[in-house]
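Chains as they are written, first to last, in my numbering: chain A, 1 to 314; chain B, 315 to 604.
Treat the hints with care, as some may be off.
Unchecked claim - Restricting the straight-line Cα-Cα distance to at most 20 Å, the calculated cross-link-like pairs of lysine to any residue (SDA-like) are:
1) A:Lys118 <-> B:Tyr338
2) B:Lys548 <-> B:Val402
3) A:Lys119 <-> B:Ala324
4) B:Lys590 <-> A:Gly203
5) B:Lys431 <-> A:Ile41
6) B:Lys548 <-> B:Gly432
7) A:Lys121 <-> B:Leu343
8) A:Lys119 <-> B:Val402
9) A:Lys85 <-> A:Ser264
10) B:Lys431 <-> A:Lys274
11) B:Lys494 <-> A:Val168
12) A:Lys71 <-> A:Lys85
13) B:Lys590 <-> A:Thr128
14) A:Lys274 <-> A:Leu82
Rather than coming from a laboratory, the hints here were simulated on the basis of the structure.
All figures in this text were calculated on a predicted structure; none of them were measured in a lab.
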Amino acid sequence: MTVTDQSQQPTATKRRSAATDKKKSSGRMMILGFLSPTLLILIFMVAYPIISLIDYSFYNFSALNPHEGYKWAGLDNYTYLLSDKALWQRFIFTGKFVFVCVSLQMIIGIFVGYQLQKKFKGRDVIFTLLMMPMMLSPVVVGFLWRYMLNSEWGVVNYLISSVGLDKVSWLSQTTPALFAAAAADTWMWTPFIILLATAAFRGIPDTIYEAAEVDGASAAYKFFRLTLPMSAPVLFIALILRLIDSFKQYDLFFALTGGGPGSSTETVSFAVAKTAFNYFYTGEASALAVILLFIIIGLSMILVRHLNKMGDKY
Amino acid sequence: MAAVTQPRSAYLTRWFILALLAAYTFYNLGPILWLLVSSFKGRADLFAMPPVWIFDIDTSGYESVFGVGAAAGTASAYGVVDALINSVVVSSIGTVMAVFLGTLAGYVCSRYDFRGKGDFLFFVLSTRMLPPVAVLVFYHLMFARLGLADTRTGLVLVAIFANVGLATWIMKGFFDGVPKEVEQIAQVNGYSRMYAFIRLVVPMVRGGIAATAGFCFIFAWNEFAFASILTTTKAKTLPVKISAASGATGIEWTQIMSAGVVLIIPVLIFFYLIRKHLLMGMTFGVLGRS
């Protein structure tokens, strides 16, 4: 009896306080006053630009001479872009990059995270050290890897040749450049997966493993049948966030490959920037940006729906 | 027989796992060490093949970064000091403003139920997903029209918008951790909601505010896409300045390495201070609430 009384009391007070809060007009003033600055900034910096972008995407004009031509183009920008083979190349490259680096990050991250959840001496120090790469500036990361991947004096080729393999000219060939970019992105973002994976693994109660051990389950069984399914909701968040971030990757390529060789390592983001700020085809760039936004919004919707399903955790 | 092979294969598996972990640790930490070592190398040592491990410490990269020593007043002086000041000003003001606004919004979202709260929180979350180049197409025009192009003010505005969402979500999490009884007791004793917020609740989440500020500062400090398009000369930040060292005349590696170290040192200091809140900060406060 006493136990039920104690557990019910806090919820009752909470409900009562929420009811009184709603009635008070001072509460409404506080909500308005506290939210409006943030809301205004976001409307000005996010909503307004996106609406303008959609508007621009139907016009044929250049930022260089905005007074001259705001020619209505209808869907011309879109039809031109979608029939442009070069643009499809960007999408294919971006897709390949996303696939390679996100799968590498998930596999390595889950493996390392699984090993790091076991307690051992110095674990926290190693864990913190391993987290460093994801906090660094992508520009520095890009240049650092560009330095290390140089075909003649790069340390990576030195290590490769010291093992007896042939040197690779990483950044001047299309396929090696893809893997070079994936290696740099994986270097930077695997820690993120490790971080989320260890958190998910630690959330699994020990009693479940103990029960499995009593039943004589193997290590592989425990990992694939218990650990992975039970941490799937968090790992899914990690996956979607990485998909979104690597899909819009721009900084890293800017510093690492500069889009080259040729234009073979240009991501979709890179193409938007090039169209808008090198060629100044503002209308076309807006249309491409809108396409990019729709893909990102689609991925975000999956994430949001997933978060809603997870319920009280978020 | 079986009793002997069983532990032996387990032993091998353990060594195999350890070897893989060691390889990953090498891959993870090696590049950072290599950056630190290389930043003290002179031009000849920087391009030596095979790479040299023992070399004369050469600080010419750092000298040209700060425009001191042999590089003082010369054309090769990299002029990073101005960019460094821009970076410090933009990131600090942007962080303070974003954390201030995020604290207010986070508090209201934690304590009140109001119509459109879910929509507001997702609108705020969208800043995490937004590809910078998409809005940049428009910012480029808008900033020119408003006279914000190539100004610190413009970049501060960007830093606020880019981080206020993060600050809101993280601070909401910290406020959720403060019992609602705090305000109730204050109201019973005749204090206003505002007084309770400023004098009682905010001091209770001081640690959270500091962590939030740490994240906002790191993200604002590292920000590149916006700064590279919206600045041309005066307002260049350090990451933009670093990228500018790769020009038509080739890449100034000594300067890039040294400037890179200068750029990551503050990040590593802040990273060390906020390491306990990493999960929350990196997932927009979606996971790892404290």
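Hints, verified against the model:
1. A:Lys118 <-> B:Tyr338: holds (17 Å)
2. B:Lys548 <-> B:Val402: Given that 20 Å is the threshold and the Cα spacing comes to 14 Å, the pair holds.
3. A:Lys119 <-> B:Ala324: OK: Lys119 of chain A and Ala324 of chain B at ~18 Å, within 20 Å.
4. B:Lys590 <-> A:Gly203: holds (17 Å)
5. B:Lys431 <-> A:Ile41: holds (17 Å)
6. B:Lys548 <-> B:Gly432: Since the Cα atoms of Lys548 of chain B and Gly432 of chain B sit roughly 41 Å apart, the hinted pair is violated (cutoff 20 Å).
7. A:Lys121 <-> B:Leu343: holds (19 Å)
8. A:Lys119 <-> B:Val402: This hinted pair is violated, its Cα atoms lying about 40 Å apart.
9. A:Lys85 <-> A:Ser264: Distance of about 13 Å is within 20 Å: holds.
10. B:Lys431 <-> A:Lys274: violated (38 Å)
11. B:Lys494 <-> A:Val168: Given that 20 Å is the threshold and the Cα spacing comes to 61 Å, the pair is violated.
12. A:Lys71 <-> A:Lys85: violated (25 Å)
13. B:Lys590 <-> A:Thr128: holds (9 Å)
14. A:Lys274 <-> A:Leu82: Holds, at roughly 17 Å.
The structure fails hints 6, 8, 10, 11, 12 (numbered hints given earlier, in ascending order).
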